[in-house]
Structures are given as structure tokens and as C-alpha cells.
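Peer 1: My request is simple: use the sequences and hints to build the entire structure.
Chains as they are written, first to last, in my numbering: chain Z, 12 to 304; chain E, 10 to 348; chain R, 479 to 745.
Keep in mind that the hints were calculated from the coordinates and are not lab data. On a predicted model such as this, the values are computed, not experimentally measured, just so you know. Treat the hints with care, as some may be off.
Stated by the list, open to error - Subject to a maximum C-alpha distance of 35 Å in a straight line, what follows is the list of computed DSBU-like cross-link-like pairs (lysine-lysine):
no. : chain 1 : residue 1 : chain 2 : residue 2
1   : R       : LYS648    : R       : LYS696
2   : Z       : LYS125    : E       : LYS296
3   : E       : LYS226    : R       : LYS648
4   : R       : LYS706    : R       : LYS648
5   : R       : LYS696    : R       : LYS706
As the list claims (entries may be wrong) - Computed list of chain Z residues with no C-beta within reach of chain E, every gap over 10 Å:
no. : residue
6   : VAL72
7   : LEU85
8   : PRO131
9   : VAL138
10  : ASP189
11  : LEU258
Idealized CB from N, CA, C, for every residue including glycine.
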Amino acid sequence: MDYLIQIIVSGLTLGSMYALSAVGLSLVWGSFNCLNMAHGSVMALGAYFTLIAVDSIGFPVWVSLPFAMVGGALVGTAVYYLSVHWMLNTRNYETNIIIATFGIGMVMENGLLKIFGGYPYAQPLTVQGVAGLIGNVPVNYRSIVIWVVAAVLMVALGLLLTRTRAGRAIRAVAQNRDGAKLMGVPVARVYVQVLMLASLLAAVSGILISTTLQIVPYMGANPLLKAFIVICLAGLGNILGALYAALLVGLVEASASTLWAPQYGFPVILVVVILALIWRPEGLFGRVMVARQ
Amino acid sequence: MMRRDYILSAVLLVIAVGLPWLDPPRYLLAQGLLLFCWATVVSQWNLVFGIAGIFSLAQIAIFAVGAYSTAMMGRYLEMNLWYAFPIAGVIGVIFSLLIGLGCLRMRGVYVALLTIAVGQVLFVLIMGDGECSPLNPGICMSFTGGPSGMGGFGGFGWREVLGGRHFIIGDYYSMLGLLILAMAFTFWIIHSRMGLAFKALRDNPELASSRGISRFKYQLLVFALSAFFTAEAGAFFAAHFGSVGPGQLSFTLLLFLISMLIVGGMGRPWGPLLGAFLIMGGDEFLKEAGEWRHIGFGVMLLVFMIFLPDGVAGLIDRVWRRLTTRGGAARAGKAAPAE
Amino acid sequence: MADTREPLLACRGVFKHFGALAAVNNFDLDVLPGDVLGIGGPNGAGKTTFLDVISGINPATDGRIRFGGADIRQQSPEQICHAGIARTYQLNAVFDTLTIRENVLVGAAFGRGDRGVFPRMRFSREMRARVDRALALTGLEDRQHLNARELPVLDRKLLMLAGALATEPKLLLVDEPVGGLNPHEIDQVMEIMSGLTREGMTIILIEHVMRFLLALSKRVVIMHHGEKIYEGVPTGLLQDERVVEVYLGEGTAARLRHLMGGSAAHG
Ligand SMILES: Nc1ncnc2c1ncn2[C@@H]1O[C@H](COP(=O)(O)OP(=O)(O)OP(=O)(O)O)[C@@H](O)[C@H]1O
Ligand SMILES: [Mg+2]
Chain Z
12 MDYLIQIIVS GLTLGSMYAL SAVGLSLVWG SFNCLNMAHG SVMALGAYFT
62 LIAVDSIGFP VWVSLPFAMV GGALVGTAVY YLSVHWMLNT RNYETNIIIA
112 TFGIGMVMEN GLLKIFGGYP YAQPLTVQGV AGLIGNVPVN YRSIVIWVVA
162 AVLMVALGLL LTRTRAGRAI RAVAQNRDGA KLMGVPVARV YVQVLMLASL
212 LAAVSGILIS TTLQIVPYMG ANPLLKAFIV ICLAGLGNIL GALYAALLVG
262 LVEASASTLW APQYGFPVIL VVVILALIWR PEGLFGRVMV ARQ
Chain E
10 MMRRDYILSA VLLVIAVGLP WLDPPRYLLA QGLLLFCWAT VVSQWNLVFG
60 IAGIFSLAQI AIFAVGAYST AMMGRYLEMN LWYAFPIAGV IGVIFSLLIG
110 LGCLRMRGVY VALLTIAVGQ VLFVLIMGDG ECSPLNPGIC MSFTGGPSGM
160 GGFGGFGWRE VLGGRHFIIG DYYSMLGLLI LAMAFTFWII HSRMGLAFKA
210 LRDNPELASS RGISRFKYQL LVFALSAFFT AEAGAFFAAH FGSVGPGQLS
260 FTLLLFLISM LIVGGMGRPW GPLLGAFLIM GGDEFLKEAG EWRHIGFGVM
310 LLVFMIFLPD GVAGLIDRVW RRLTTRGGAA RAGKAAPAE
Chain R
479 MADTREPLLA CRGVFKHFGA LAAVNNFDLD VLPGDVLGIG GPNGAGKTTF
529 LDVISGINPA TDGRIRFGGA DIRQQSPEQI CHAGIARTYQ LNAVFDTLTI
579 RENVLVGAAF GRGDRGVFPR MRFSREMRAR VDRALALTGL EDRQHLNARE
629 LPVLDRKLLM LAGALATEPK LLLVDEPVGG LNPHEIDQVM EIMSGLTREG
679 MTIILIEHVM RFLLALSKRV VIMHHGEKIY EGVPTGLLQD ERVVEVYLGE
729 GTAARLRHLM GGSAAHG
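Peer 2: Laid out in C-alpha cells, this is it:
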């Protein structure tokens with residue numbers, strides 16, 4: 012029983028962190044078929060932004076979160092104008108953009124290494140202590156904060172996409188790019204907004220991840236791969252599916268780690284997801300909100 | 010294969026074979042050898058990605074499988090590595106076939122994402138492998154060697170034949186031999202009937218299937234065929250350095266190799282060799298630069314993807330074609346085909 | 479019209495559903511060897527979808543499709559190609575990075591079959607001969623080393639046709655071979671196609687250009703909302719009220735009647 016609670020608690024924590032990055036990744040793919048390989052480095056940057064805000068500038072800790080979110084959004088804009096902007100509608104766009112953003116990611120990661128060195132830093136924006144026990148399983152304040160932040164941002168994203176003009180434009184583009192263009196949606200502007208939004212979420216995801224681990228330049232690599240697996244499982248471009256799939260992957264990983272050994276978490280996920288995809292090549296939740304290809 | 014290719018091969022061969030006779034510094038031979046190794050890997054990657062159009066990133070994993078299986082056969086089975094090499098190649102082929110089967114029903118970027126994950130899973134497994142293995146008596150070392158890798162499995166054996174001063178020449182020629190075989194193999198495939206199927210599936214899978222080409226069959230074939238020399242390159246790499254480690258699965262190596270592929274020119278038979286040469290040459294200047302080196306590679310990838318997605322070989326091809334067609338309208342009809 | 483020959487292609491009760499939409503709706507069709515069947519009908523009638531169904535690109539959701547006596551409904555596109563059905567596409571589908579010759583070689587090298595786990599590596603003399611024949615039939619020989627990507631529309635259409643012919647099909651499916659061409663180019667394609675019909679090639683032909691469709695077809699089917707609303711001789715089409723109403727319109731029908739004059743053969 013305690014095992015089960017343990018799995019659910021840590022699975023939900025992992026899943027919440029994956030969801031934040033995976034949903035953004037999927038949104039970007041759904042809008043303009045871009046698999047953003049720099050997404051992981053944006054997560055790392057997000058974590059470093061809080062470090063800069065608190066340690067270098069001396070902002071109060073709570074300001075560092077919005078600071079990092081704005082920073083993430085700006086980085087997203089930069090990624091757009093450095094790569095996508097030049098490559099839209101070119102031959103082999105889908106693969107070329109992967110390579111180009113991989114290049115950008117490597118620049119960011121090694122830039123961080125250059126500036127901060129490889130030493131791990133502790134995330135200043137964190138909470139300590141145990142909130143209480145469920146059964147015999149201690150639940151940290153930190154996990155609760157992660158759940159709450161992820162839930163709040165997911166709901167905010169949902170409201171943004173369904174209730175605002177900008178959000179409706181994004182969904183129109185994701186569902187039918189050419190149709191949206193004909194209806195007068197400024198497609199390029201929507202692309203930038205989507206990448207800003209996704210990068211903002213990635214920055215937050217990076218911060219949350221760094222509260223459980225440490226801040227190092229390559230900290231985004233592993234979560235990025237998990238996010239990729241999540242969106243493959245969900246079906247590329249399916250945003251709501253990405254949310255469910257993230258929780259699912261988090262739970263599977265937590266099960267493997269708890270019942271077997273931590274290093275088997277990732278391999279087990281991969282095997283499960285590949286089997287799922289052999290069964291349903293378009294992802295578990297199909298392509299509900301996908302641009303027609 | 011066109012006359013241009015034969016001439017180029019002959020010239021390159023003379024240079025590569027002749028180099029050791031000029032008594033160059035050892036460092037140059039070591040770098041040349043490494044160039045051959047990477048060119049072999051990238052040439053096979055080119056077959057999968059450039060020719061068959063499958064964006065698989067599993068090549069790094071296959072390379073590592075070749076290296077590790079050679080190391081393990083040498084260390085645990087005390088095999089002469091020359092016997093281990095072909096077995097490592099076959100293991101690589103089987104490994105790649107499994108990956109191919111896993112990706113079979115998926116398309117495009119799904120394959121990229123899952124194959125990159127395969128490499129990382131191997132990385133995680135090796136890094137997390139800390140249990141002392143009974144196969145390593147006397148010391149506590151895990152089966153894969155964990156984060157610190159493993160050694161103690163011998164090498165090509167040239168040291169015994171040529172002595173400590175000249176053994177590198179043996180290693181050099183061994184690796185050169187591998188590259189020559191890999192290149193010959195690549196040319197053979199590209200210009201064969203099978204190569205035509207790969208290119209047709211790359212250009213238009215639906216049309217290819219309604220012209221009688223089975224995607225299933227040829228996708229598995231290209232996964233299998235491209236794996237042999239990739240794994241072999243890993244095996245030779247291990248034999249030369251006498252050690253293997255999880256660094257072979259790092260994003261850094263991926264960055265390095267993908268730069269070769271892109272800068273050289275994807276889908277063109279000479280692209281990988283050209284790319285390996287340019288990147289290794291350029292790397293010499295960036296060696297001292299620390300992180301700037303990887304930043305430089307990242308920027309270069311971006312710049313090539315935007316301005317020159319078909320690489321330097323593509324550029325040369327276009328210039329060449331411009332020159333030959335301008336040479337006379339009569340020859341325009343016979344302008345060299347792209348490949 | 480009673481004919482005792484075995485049909486080459488026999489479709490019975492064929493359906494293709496996209497969700498709730500029946501793009502092909504309870505379709506019956508027989509095609510005899512040497513037949514030239516024209517299919518017409520308004521946009522979205524399901525003509526292309528019907529070819530997709532026959533060629534296995536988009537398998538039928540229900541019904542029976544027999545070709546040369548064998549059931550092909552569940553077969554893959556490559557198996558159907560090997561069985562002897564070749565098609566062209568409405569949108570210009572060619573292998574972009576290959577030359578004209580290599581494009582046609584694909585059909586010649588794989589269209590007749592591709593046995594064995596490890597395929598043969600060399601191009602045989604027969605394969606090359608098939609390429610030469612297909613290039614000669616479509617008049618592309620002099621341009622055979624040009625890259626497909628750089629070709630004008632007419633040449634791309636001809637190239638698709640040549641690629642299909644190189645498989646030496648028993649049944650040729652052609653989807654709008656003259657869509658987007660000017661009258662002069664249409665005549666060129668018509669010339670080539672009537673050459674094929676003279677040689678006795680069995681063809682199913684989709685086209686909106688009625689002049690082209692009526693001149694080549696021995697028999698015409700008109701589709702509407704996935705169903706067959708007319709089947710018969712080409713001239714009969716112009717008298718059929720339903721066809722004139724949903725597809726041709728009075729003006730066009732009158733013009734075509736005038737064009738065909740009394741010269742059209744009666745089936
Ligand atoms: N892949 C698909 N998914 C969903 N609906 C489809 C698909 N392909 C075709 N349809 C629908 O099926 C119907 C028939 O389309 P089809 O392309 O066969 O028409 P057509 O007769 O060839 O028209 P046209 O003369 O314009 O070529 C249309 O309503 C179309 O929107
Ligand atoms: Mg159509």
C-alpha cells in the first residue's frame with residue numbers, strides 16, 4: 012500500500028514537471044511542425060534565470076519566478092527569429108528545423124557552461140520541509156508546490172487557448188494553417204506567440220525540475236527526452252493528450268523506479284511507449300488537435 | 010558511379026595510403042585515423058538519413074553497441090579482437106533491426122524522437138550500472154564498466170607485430186581499410202536497384218508503394234545494412250583506443266557527427282567524407298577554445314540549415330553543373346544527374 | 479453490349495467511408511480487357527477516392543474487388559501494383575530528386591514484382607528495355623536526363639504516365655491526365671493516350687475535360703456523391719437528364735452535342 016502511495020506521489024510530481032514542458036513542445040509542433048530541440052536548454056536557462064535574479068541581481072526570491080518566465084518567453088522569441096523564421100516553407104523543413112534547433116540548444120547549453128561553469132548550483136526558489144504523511148509516505152511541501160504550479164499553469168493555458176482571442180487564433184492555426192491564413196489570422200505572429208508561450212512553460216518546468224535536482228547546464232537534456240516520449244505517446248500536436256500522457260509516463264517511471272531501480276525508469280518508459288506506438292502509430296490519443304499534414 | 014567519382018577515389022586513395030610514408034608526426038596519423046572512423050560512421054548514417062530519408066538518430070547507439078560488444082568479447086571471452094569484429098558487426102545489425110522493427114509503423118519525426126531516446130536509454134543504463142560483476146574478479150567493476158568505462162580487452166595487435174613506435178601505422182591502415190570498404194559499400198548500394206528503392210521512398214513514399222516498392226522491407230533493409238559498418242567503426246574505435254566509455258553516447262558526439270553530415274552534404278555519396286574532413290580540420294582551430302568549440306558547432310549547424318541545407322557537396326554539385334551546362338548547350342541534355 | 483469475356487476488374491458493393499461520409503457508396507463496376515472506361519462527375523464526387531481504393535492506397539471499408547480473378551481488396555499498394563494495376567495521380571506526384579529516366583526506372587524495376595528478402599541489386603536488360611519503351615510511348619526520350627523537379631506541368635504528367643507504363647500494367651488508372659493543361663497540350667496527351675488504346679490497353683480514366691473524356695472512352699460512368707448515376711456509351715451522357723443537371727449543365731451539354739455532331743460512334 013505504501014508502495015502504491017509512493018508511486019502515486021512521485022509519479023504525479025514527475026508527471027507535473029513533464030506536462031509543463033511536453034504541452035509546450037506539442038503546441039509548437041501542432042502550430043508549425045517544429046520539433047524544438049532547444050526546448051531542453053530553455054528549461055536549463057529558466058533555472059539559471061532564477062539564479063541570476065536572486066544571486067546576481069539580488070531580487071527577492073518570489074520575483075525570480077516572473078523574471079524567469081519573461082526570460083523564457085524572450086528566449087523563445089529569439090529561437091523563432093534565429094531558426095523558424097528563415098526556414099518556414101523550405102524543403103525538408105521538418106527535419107531541418109530539428110537540426111537547426113539542436114544547434115541552438117547546443118549553443119545555449121555550452122554558453123551556460125562557459126558563463127557558469129559545470130558546478131551544480133542549488134535552486135534558490137524552493138521550499139523545504141514535509142507537509143505530512145499519507146499512510147507512511149512523507150509528502151514534501153516541494154511536491155505540493157510542483158503540483159499546484161503545474162495545475163495553475165495548465166488551467167491558465169487552457170483558459171488562454173479557449174477564452175481569449177489570441178488563444179483562438181492559436182487553435183485555428185493548429186487545426187488548419189491554410190484556413191487560418193485565409194481567415195486573416197496573422198500566422199507568423201501566432202507562431203512567435205506560441206514559441207514564447209511554450210518557452211515560458213519550459214522555463215517554469217526547468218525551475219521545478221531544479222528544485223528536486225540541481226542546476227547544471229545540461230539539466231534539460233533528460234527532461235527534454237522524456238517530453239519527447241510523452242508527446243509521441245500522446246500523438247504529436249495533441250495538447251490535452253500530452254497532459255494525460257505526461258502523468259501516465261510519470262506514473263510508469265515512478266513505478267519502475269520504486270519497484271525496481273531508479274535507473275530502469277527511463278528504459279521502461281521507452282519500451283512501454285514503443286509498444287504503445289506499434290499498437291497505435293498516431294499516438295494513444297490520436298490527432299485531435301493537429302494540423303493536417 | 011561516374012568518371013568523376015573514380016578519379017576522386019584514386020586521388021584520395023593515393024594520399025591516404027601514402028601519408029604514413031612521408032613520416033608525418035604521430036598526431037597527424039592519429040587524427041587521420043579518427044577521421045576515417047567518423048567518416049565511416051557518417052557515410053552509413055547518410056545511407057539511412059540522406060539516401061533513404063529516414064531521420065534516424067540511432068547511429069550513435071549502434072556505434073556504441075559495436076564498441077562495447079567488442080570490448081566485452083575481448084575482456085570477458087578473451088577473444089582475439091579480429092574474431093570479435095565481425096561478430097560485433099552482426100550484433101550491431103541485429104540491434105538496428107530491432108530498432109527498425111520498433112519504428113516501422115511510425116513516420117518522420119516520430120522515428121527521430123524514438124531513436125534519440127534509444128541512445129539515451131543505453132547511456133542511462135550504463136551510467137547507472139554500479140553493481141560489481143563476478144566477471145571482473147579481484148576488482149569491483151560492473152558488467153559495462155559504468156560511468157568510467159572499461160579497458161583491458163586488447164587491441165588490433167599491431168603493437169606486437171610492428172612495435173610500440175610504429176603500431177599506429179597498423180591502426181591507421183586498419184581504419185583506412187574499413188573506410189574504403191564502407192565507401193565502396195555505400196556507392197554500391199546507392200547506385201544499385203536497392204538504392205533506387207531507398208531514394209524513391211524518400212522522395213514520395215506513397216508513389217513508391219504504388220510502383221511496387223514495399224516500405225516495410227526496404228526500411229528494415231536500410232536499418233540492417235547501415236548498421237554493419239557503423240558497428241564495425243565502433244569496434245575499430247575500441248580496438249584503437251583500448252577503452253570504451255559512455256561518452257560515446259553523448260550529445261556532444263551526436264553534435265560532432267551531425268555537423269559532419271550536414272556540412273558535408275546529406276544524400277550525396279561524397280558528403281560524409283568531405284564533412285568529416287572539414288569538421289575535423291575546423292576542429293583543430295577550435296581545440297583550444299573550450300566551450301567555444303561546441304558553441305561554434307551549434308552556430309555552424311544553424312547557419313548551414315538556413316543557408317546551405319545540402320552542404321558543401323551540394324554547393325560544389327551546383328557550381329559544377331552550372332559550369333558544365335554553360336560549357337555548351339549541346340551538352341545541356343547530358344548534364345550530370347544529381348547522384 | 480452483352481459480353482461473355484471474364485471481367486479484368488470486378489467491383490461489387492464497394493464502400494469507402496471517411497467517418498460519416500461515404501466517399502464511395504455501394505459501387506459496382508466491371509471492366510473487361512481492352513475496355514476504356516471514363517469516369518466523370520463533379521468535384522468531390524469520389525472519383526479519386528475510387529482509384530485510391532482500387533490501387534490500395536486507401537483501402538475500401540466494405541465490398542469486393544477482384545482483379546484477374548483474385549481478391550485484391552486487402553492487398554497493399556505494392557502487391558496490387560505487382561498484380562498488374564498501375565496508376566497516376568491527380569496532383570503531380572513524381573520522385574523529385576531523380577531524373578526522368580530514374581523515375582521511370584522505378585516502375586520498370588519494381589513494378590513487376592520484387593521477390594525475396596534480399597532484393598536483386600542489378601538492373602536487368604528487360605528493366606532497361608521497359609524504361610526505353612515507356613519513354614518512347616510518352617515522347618520523353620530526349621529529356622530523360624533532366625531532373626524531375628525542374629519539369630513543366632505537361633512533362634510531369636507525361637512522366638507519371640511513363641512511370642505507370644513502365645510497370646507494364648494490365649490495367650492503367652489515370653487521374654486527370656490533362657487537368658491544368660492548355661488545349662494544345664491536351665491534344666498532345668490525347669494523341670499518346672489514343673496510341674495506348676489502339677494497342678488494346680485497358681484503362682480507367684478520370685477527367686473533367688469532357689472533350690478528352692468522350693473522345694477516348696468506350697464507356698462512361700458518372701459519379702455523384704460516391705454513387706454511380708450513369709453508366710453507358712459516351713454519347714448517351716449528353717441526353718441523360720440527371721447528368722446534365724448535376725454535372726454538365728445545359729450550356730456545356732449543348733456545346734458538346736454540337737462538338738460531337740453525328741460523328742460519335744454508337745456503342
Ligand atoms: N483522406 C480523406 N479524408 C477525409 N475525407 C476525404 C479524404 N479524401 C477525400 N475525402 C473526401 O471524399 C470526397 C471525395 O473526394 P475525391 O477526391 O475522391 O473527389 P473527386 O471526385 O476526385 O473530386 P475532384 O474532381 O475534385 O478531383 C470529398 O468529399 C473529399 O473531401
Ligand atoms: Mg479527384
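Peer 1: List, from low to high, the hint numbers that the structure doesn't satisfy.
Peer 2: Checked against the structure, no hint fails, so every one of them is satisfied.
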